[in-house]
Amino acid sequence: MGDAVIEVKDLSFRYNKSEEKAVLSSLSFTVNKGEWIAIVGPNGSGKSTLANLLCGLLKPDQGTIYIKGKPLNDETIWEIREKMGVIFQNPDHQFIGTTVQDDVAFSLENMNLPYEEMQRRVDRALRQVGMAEYREKDPSYLSGGQKRRVSIAGILAMEPEIIIFDEAFTMLDPKSRRELFSLLKEMQASGQLTMVSITHDMEEAALADRIIVLNKGKISRIGTPGEVFPETTELLAPFSERLRRLLIQKGRRLPDKYMTETELIEWLWKYNFTT
Amino acid sequence: MNYLLLGRYIPVTSILHKLDPRTKLISAVLFIILIVNVNNGAAFLALWGIAFLVMYISRIPPRVYFRGIKPILWFIILTAILQMLFTTGTKTFFQWRMITISDYGIERGLFIFFRFTLITLLSIAVTLTTKPIDLTDGLSFLLKPFQYLKVPVNELSITLAIAFRFIPNLLDETQKVMDAQRIRGNEFGVGSPLQQMKALVPVFLPIFASTLQRSEELANVMDVRGFRADQKRSSFRQLQWKKMDTLSLCIVIVFIIWIRWLNIHFN
Amino acid sequence: MVMEIQFHNVTADYKTGPLKKTRALNDVTLSIPSGDMIAIVGQTGAGKSSLLKTMNGLLLPAEGFVAIGGMKIHHQTDKLTLKRVRKKVGMVLQFPESQLFAENVEKDICFGPLNYGVPLAEARKLARKTLQLVGLSADILSKSPFSLSGGEKRRVAIAGILALEPEILVLDEPGVGLDPEGKEEIFQLLTKLNREKGMTILFVTHDMNEVARYAENVIVMQNGRVIFYGKKHDLFLNQELIQMMHLDLPDALRFQRLFEKKIGKPLPKICLTEEELADVLIEAGYA
Numbered sequence: 001m002g003d004a005v006i007e008v009k010d011l012s013f014r015y016n017k018s019e020e021k022a023v024l025s026s027l028s029f030t031v032n033k034g035e036w037i038a039i040v041g042p043n044g045s046g047k048s049t050l051a052n053l054l055c056g057l058l059k060p061d062q063g064t065i066y067i068k069g070k071p072l073n074d075e076t077i078w079e080i081r082e083k084m085g086v087i088f089q090n091p092d093h094q095f096i097g098t099t100v101q102d103d104v105a106f107s108l109e110n111m112n113l114p115y116e117e118m119q120r121r122v123d124r125a126l127r128q129v130g131m132a133e134y135r136e137k138d139p140s141y142l143s144g145g146q147k148r149r150v151s152i153a154g155i156l157a158m159e160p161e162i163i164i165f166d167e168a169f170t171m172l173d174p175k176s177r178r179e180l181f182s183l184l185k186e187m188q189a190s191g192q193l194t195m196v197s198i199t200h201d202m203e204e205a206a207l208a209d210r211i212i213v214l215n216k217g218k219i220s221r222i223g224t225p226g227e228v229f230p231e232t233t234e235l236l237a238p239f240s241e242r243l244r245r246l247l248i249q250k251g252r253r254l255p256d257k258y259m260t261e262t263e264l265i266e267w268l269w270k271y272n273f274t275t
Numbered sequence: 001m002n003y004l005l006l007g008r009y010i011p012v013t014s015i016l017h018k019l020d021p022r023t024k025l026i027s028a029v030l031f032i033i034l035i036v037n038v039n040n041g042a043a044f045l046a047l048w049g050i051a052f053l054v055m056y057i058s059r060i061p062p063r064v065y066f067r068g069i070k071p072i073l074w075f076i077i078l079t080a081i082l083q084m085l086f087t088t089g090t091k092t093f094f095q096w097r098m099i100t101i102s103d104y105g106i107e108r109g110l111f112i113f114f115r116f117t118l119i120t121l122l123s124i125a126v127t128l129t130t131k132p133i134d135l136t137d138g139l140s141f142l143l144k145p146f147q148y149l150k151v152p153v154n155e156l157s158i159t160l161a162i163a164f165r166f167i168p169n170l171l172d173e174t175q176k177v178m179d180a181q182r183i184r185g186n187e188f189g190v191g192s193p194l195q196q197m198k199a200l201v202p203v204f205l206p207i208f209a210s211t212l213q214r215s216e217e218l219a220n221v222m223d224v225r226g227f228r229a230d231q232k233r234s235s236f237r238q239l240q241w242k243k244m245d246t247l248s249l250c251i252v253i254v255f256i257i258w259i260r261w262l263n264i265h266f267n
Numbered sequence: 001m002v003m004e005i006q007f008h009n010v011t012a013d014y015k016t017g018p019l020k021k022t023r024a025l026n027d028v029t030l031s032i033p034s035g036d037m038i039a040i041v042g043q044t045g046a047g048k049s050s051l052l053k054t055m056n057g058l059l060l061p062a063e064g065f066v067a068i069g070g071m072k073i074h075h076q077t078d079k080l081t082l083k084r085v086r087k088k089v090g091m092v093l094q095f096p097e098s099q100l101f102a103e104n105v106e107k108d109i110c111f112g113p114l115n116y117g118v119p120l121a122e123a124r125k126l127a128r129k130t131l132q133l134v135g136l137s138a139d140i141l142s143k144s145p146f147s148l149s150g151g152e153k154r155r156v157a158i159a160g161i162l163a164l165e166p167e168i169l170v171l172d173e174p175g176v177g178l179d180p181e182g183k184e185e186i187f188q189l190l191t192k193l194n195r196e197k198g199m200t201i202l203f204v205t206h207d208m209n210e211v212a213r214y215a216e217n218v219i220v221m222q223n224g225r226v227i228f229y230g231k232k233h234d235l236f237l238n239q240e241l242i243q244m245m246h247l248d249l250p251d252a253l254r255f256q257r258l259f260e261k262k263i264g265k266p267l268p269k270i271c272l273t274e275e276e277l278a279d280v281l282i283e284a285g286y287a
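Chains as they are written, first to last, in this note's numbering: chain A, 1 to 275; chain B, 1 to 267; chain C, 1 to 287.
Excised from the complex, chain A in its bound form (with noise of 0.2 Å):
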């Protein structure tokens, strides 16, 4: 357990404390250091409350989140948060500077380092999303993609050791969104960054290390999407899988497992060979 990043423990929360009905109940789960972990439902679930607690906007009614070991309260908040990025859902609602590198540097003014510093992150996060060129644009004028890479250089600035990212992607189109997964995949790569997703595309979830479905509140399943993919729903579940079961019901016989579109391609191909 000593690589534990995150740690959730009976966690609960309601929104009016009179009413009986808890948002989230007992909730317990550990995301391990340099792991990726999804965190799905339907709307109503409970996930987004679970991102406003993680990033302590919320405070739990009972039970307690530890970020590195520390408890998650109003004495370790600060010092959790220049360790931990977080990232919402609408673009065009997080600006807080006026040029994208204003914006990228704000994180960094309030960890007041000094200004070559900051020179040098802003400038290596701009390259590492590629936005380096867009540096004094206003971001208010850039497409829905860019203005994401500029939230998430915003983030690596701080060099954070956590990433959480609420609903982060869902109001992009498909092609940007491929674009960015391909860019958090590299961010993971070096092992040292823990990132969480929250979020309803399948796609994002089916690069996570594991997925945590949430449903009414409770934890229904924890497990690779492997093991989690095969249960969901049709409007849930990713192409590779969808084609899949189509493929099933019109009575062919595929293996009775998730397979990614790799594998997928794979085993058609050579089920070409076998017959």
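Because the hints were derived from the structure by calculation, they are not lab data.
Since the structure is predicted, the reported quantities are computational estimates derived from the model, not experimental observations.
Check before you lean on any hint, since a few could be wrong.
[What the hints assert, rightly or not] Straight-line alpha carbon distances no greater than 27 Å define the calculated BS3-like cross-link-like pairs of lysine-lysine that follow:
#1 B:176 - C:107
#2 B:198 - C:143
#3 B:131 - B:144
#4 C:79 - B:198
#5 C:262 - A:185
#6 A:21 - C:143
#7 A:216 - C:183
#8 C:15 - A:137
Since the structure of chain A is provided, determine the placement of chains B and C on it from the hints.
Relative to the frame of chain A, chains B and C by itself:
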């Protein structure tokens, strides 16, 4: 609605645009002090010359400047007329009870008119050529001494910066809400003033709602990105004082001395 | 009544600053027959929203004109004609739910009809009818629109436009930001309006799966011009155009292309949905 856009930053390349905001702010303040104290025709003539020079070197057409005066033009004219009607002088052209039109009154009225228009023109020159964010940086730098008087200069400047940042958003939002209501048959600018006011009522609610929602989202973003009002922050935006600024300030001072001299000499 | 939409050399600008104008539409000539279901695609800033706005008179042409069933929109069309146009061409803006403002759903939906002089009793009937049309129950009429879920809010907002009983419906990214169920519900609704009521529907989207699944024809735009207007299959067959316009492919076709690369030859026909793909794969003996 368009009045709000007047005096908004216009991105063109000019010497005035390139100057440090502090230079422009200091110069504007010096000129304003000067204008308030000037009281003869020669000095006003010179000031008008400078005003046109400023417009010329800003590379923004004078009509943009004069459009900026328009919303307050009636106020200026009214003040000037009142000044004219209630001042007595050596020669009286007309008199009826309290009201007199005299040589001195006409002069005073004209000077008042010039003062207001000149001050407005020079202030607009600053806002047209300086990005709001640079203006905020300049202001907070110049206000720094007031920190010792417990004025929360840092909080003020970030508040101002965010306010400036969101003015265009608010305007866009208003446009969007009005469009959304035109689509549903609500007409603006048609009918009696009462009808026009009534048409605007349903516009305010969505704007308030979205502004509230947005500020909440923004507060959350600021929070998770580690902003604390009471903590010391460094600044990524650095003001750069260049040779050109020193030179410009010198020119401004020379002009000011010259006009002071004109003002005394021709009195 | 036949409501054809015709663009005759339409050029339009929008203000981007105190002194600046940007060309939004550049010499667009287009004829859209009644009853079509069209997706409009193209990159950010290509003029997709502007195309919709000119049909509704929110953006007036600087040159040329748009003719819709006998009404003409040009640079000096009077407000009365515009108001008539807006009743025939219903427009749903992006995130229309942010425009809900009345204290309850009924009042919000009635807002449009009342502006057009429909008597209150009649408007209330319309509210019920359109709410049913968008698949929501009449119980929510008295509820505050703010208490509804994201997908429900959007459908209420669309009901507010449908209550004007338009014959043409234009929508700016109707599915954006909704979860898969919410999206599906919106497009089911659009399909129903198109098929059962014969409504002409144009929607802007960035998602080629929506094009593949729900549109019949596609308009592709770039720099204010219409580059392509035709059947969706023809568009996706045209690989050159797809590449030039940086357009994405629907998931099924993207998968098909990857698969063809693997097997080294093309499948007999192009597939835009997983149903088509499954059938073709079976037919060709790959599954």
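Holds or violated: residue 216 (chain A) and residue 183 (chain C), Cα atoms, limit 27 Å. Roughly 21 Å between the alpha carbons, so the hint for residue 216 (chain A) and residue 183 (chain C) holds.
Assess, step by step, whether the Cα of residue 15 (chain C) is no farther than 27 Å from the Cα of residue 137 (chain A), and give holds or violated. holds (19 Å)
Taking only the CA atoms, is the gap from residue 21 (chain A) to residue 143 (chain C) under or equal to 27 Å? holds (21 Å)
Please work out if residue 262 (chain C) and residue 185 (chain A) have their alpha carbons no farther apart than 27 Å. holds (24 Å)
Straight-line alpha-carbon gap residue 198 (chain B) to residue 143 (chain C), limit 27 Å: holds (25 Å)
Restraint check for residue 176 (chain B) with residue 107 (chain C), where alpha carbons must lie at most 27 Å apart: Holds - the C-alpha atoms of residue 107 (chain C) and residue 176 (chain B) are around 20 Å apart, at most 27 Å.
Hint check: residue 131 (chain B) vs residue 144 (chain B), CA-CA at most 27 Å. Holds or violated? Given pair residue 131 (chain B), residue 144 (chain B) holds - Cα atoms ~20 Å apart, limit 27 Å.
With the threshold set at 27 Å, check whether the alpha-carbon distance from residue 79 (chain C) to residue 198 (chain B) stays at or below it. holds (18 Å)
The structure meets every hint from the earlier list without exception.
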